[in-house]
Amino acid sequence: CKCYILSLLLDLFSGYLGEDITLPSGADPSWSLIKIVWSIFTNNTWIATYRNGISTTEHFPQYSGRLTLNTTSGDLTIHSLKENDAIEYTVDLLNTDDEEKGNKIKLTVKQKLQQPSIKMVTSTSVESGCLMVVTCSSLDKGVNLSWSVEPVSVLTINKSNPSDSSAQLFAFVSTRESFANFTCISSRDTESVSSKPVTPKCESKICGKLLNVTLSLTYKRKILFSFLLCVQSSREQCK
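Those letters in the sequence shown? Residues -18 to -1, 1 to 221, by mature numbering (1 follows the signal peptide of the UniProt record, and there is no 0).
FYI, nobody ran anything at the bench for these hints, they're computed from the structure. As the structure is a prediction and not an experimental result, all values here were calculated from the model. Be aware that a few hints might be false.
[As the list claims (entries may be wrong)] Subject to a maximum C-alpha distance of 20 Å in a straight line, what follows is the list of computed SDA-like cross-link-like pairs (lysine to any residue):
1. K141 - S110
2. K86 - A68
3. K64 - L51
4. K88 - R48
5. K183 - D122
6. K94 - N66
7. K183 - K86
8. K64 - G(-4)
9. K64 - D122
10. K141 - M102
11. K92 - D171
12. K86 - I139
13. K88 - K141
14. K86 - D57
15. K183 - G124
16. K64 - T27
17. K92 - F(-6)
18. K92 - R48
19. K64 - I87
20. K92 - D122
21. K64 - F(-6)
22. K141 - I167
23. K86 - G124
24. K86 - T59
25. K64 - T4
26. K94 - T4
27. K17 - E1
28. K86 - H41
29. K101 - T181
30. K101 - I139
31. K86 - P6
32. K94 - I139
The whole structure should be built from the sequences, with the hints applied where relevant.
Here it is in structure tokens:
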């Protein structure tokens, strides 16, 4: 009497474009497999098989040269993932005791987050330090952009634009701090990637009305806020 075990649960797996992923067959480690059939679509189109001691992974053109079948475990490795690999897979197994088992796996394929880039908009010298504006942008959609600034004492104002995956950072670096490192972080769900850090230098002089200030935190905030308005307004308003 044959015993066939069918998994009622659809196993969910995800991989990244261009990378490899191994789909587990779900076979009992104690089994000695004599038949393995991996298939796709509702008509069970074969993509990889092991029968009569022969392993074949060239059944379907889409996967040509990209499959490795482990004839001991029944696991199937797909190399160099493509977008159209994101479908449902079925595996049917038979062991030497004439026991059978079936399993289904749904695979999703994602694009890894790309490294965001930082662009220096302006860096302007004032009597007590430097006012800087940097922007961060990402080619990915639906990401959250945040900033890491060193030293932490640098006064900053962050302005994000989720609609176009960009963010601006307005910073005041005092003469006491002398420098600042800016890093942009792009994140989505549990994944994140950081830009290369930048350490800009002060360049030009700012409008005279912002020059003669002290180093107090209150004045720093006023300078930064005024500078933000100045950058967003026309050049005439800065004169």
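Comparing the hints with the structure gives:
1. K141 - S110: Roughly 24 Å between the alpha carbons, so the hint for K141 and S110 is violated.
2. K86 - A68: Holds: K86 and A68 sit about 13 Å apart, inside 20 Å.
3. K64 - L51: holds, 18 Å
4. K88 - R48: The given pair, whose Cα atoms are some 18 Å apart, holds under the 20 Å limit.
5. K183 - D122: violated, 29 Å
6. K94 - N66: Holds, at about 16 Å.
7. K183 - K86: violated, 57 Å
8. K64 - G(-4): holds, 10 Å
9. K64 - D122: holds, 18 Å
10. K141 - M102: holds, 15 Å
11. K92 - D171: holds, 12 Å
12. K86 - I139: It is violated: about 50 Å lies between the C-alpha atoms, which goes past 20 Å.
13. K88 - K141: Violated - the C-alpha atoms of K141 and K88 are around 39 Å apart, more than 20 Å.
14. K86 - D57: holds, 12 Å
15. K183 - G124: Distance ~32 Å between K183 and G124 Cα, so the pair is violated.
16. K64 - T27: Holds, because 18 Å separates the two Cα atoms, which is no more than 20 Å.
17. K92 - F(-6): Between K92 and F(-6) the Cα gap is close to 11 Å, so the pair holds against 20 Å.
18. K92 - R48: With Cα atoms ~18 Å apart, K92 and R48 stay inside 20 Å; holds.
19. K64 - I87: holds, 17 Å
20. K92 - D122: holds, 12 Å
21. K64 - F(-6): holds, 14 Å
22. K141 - I167: Holds. K141 to I167 sits at ~14 Å (cutoff 20 Å).
23. K86 - G124: violated, 30 Å
24. K86 - T59: This hinted pair holds, its Cα atoms lying about 15 Å apart.
25. K64 - T4: This hinted pair holds, its Cα atoms lying about 14 Å apart.
26. K94 - T4: holds, 18 Å
27. K17 - E1: With Cα atoms ~27 Å apart, K17 and E1 exceed 20 Å; violated.
28. K86 - H41: Since the Cα atoms of K86 and H41 sit roughly 19 Å apart, the hinted pair holds (cutoff 20 Å).
29. K101 - T181: Holds, at roughly 11 Å.
30. K101 - I139: holds, 16 Å
31. K86 - P6: OK: K86 and P6 at ~10 Å, within 20 Å.
32. K94 - I139: Violated. K94 to I139 sits at ~29 Å, over the 20 Å cutoff.
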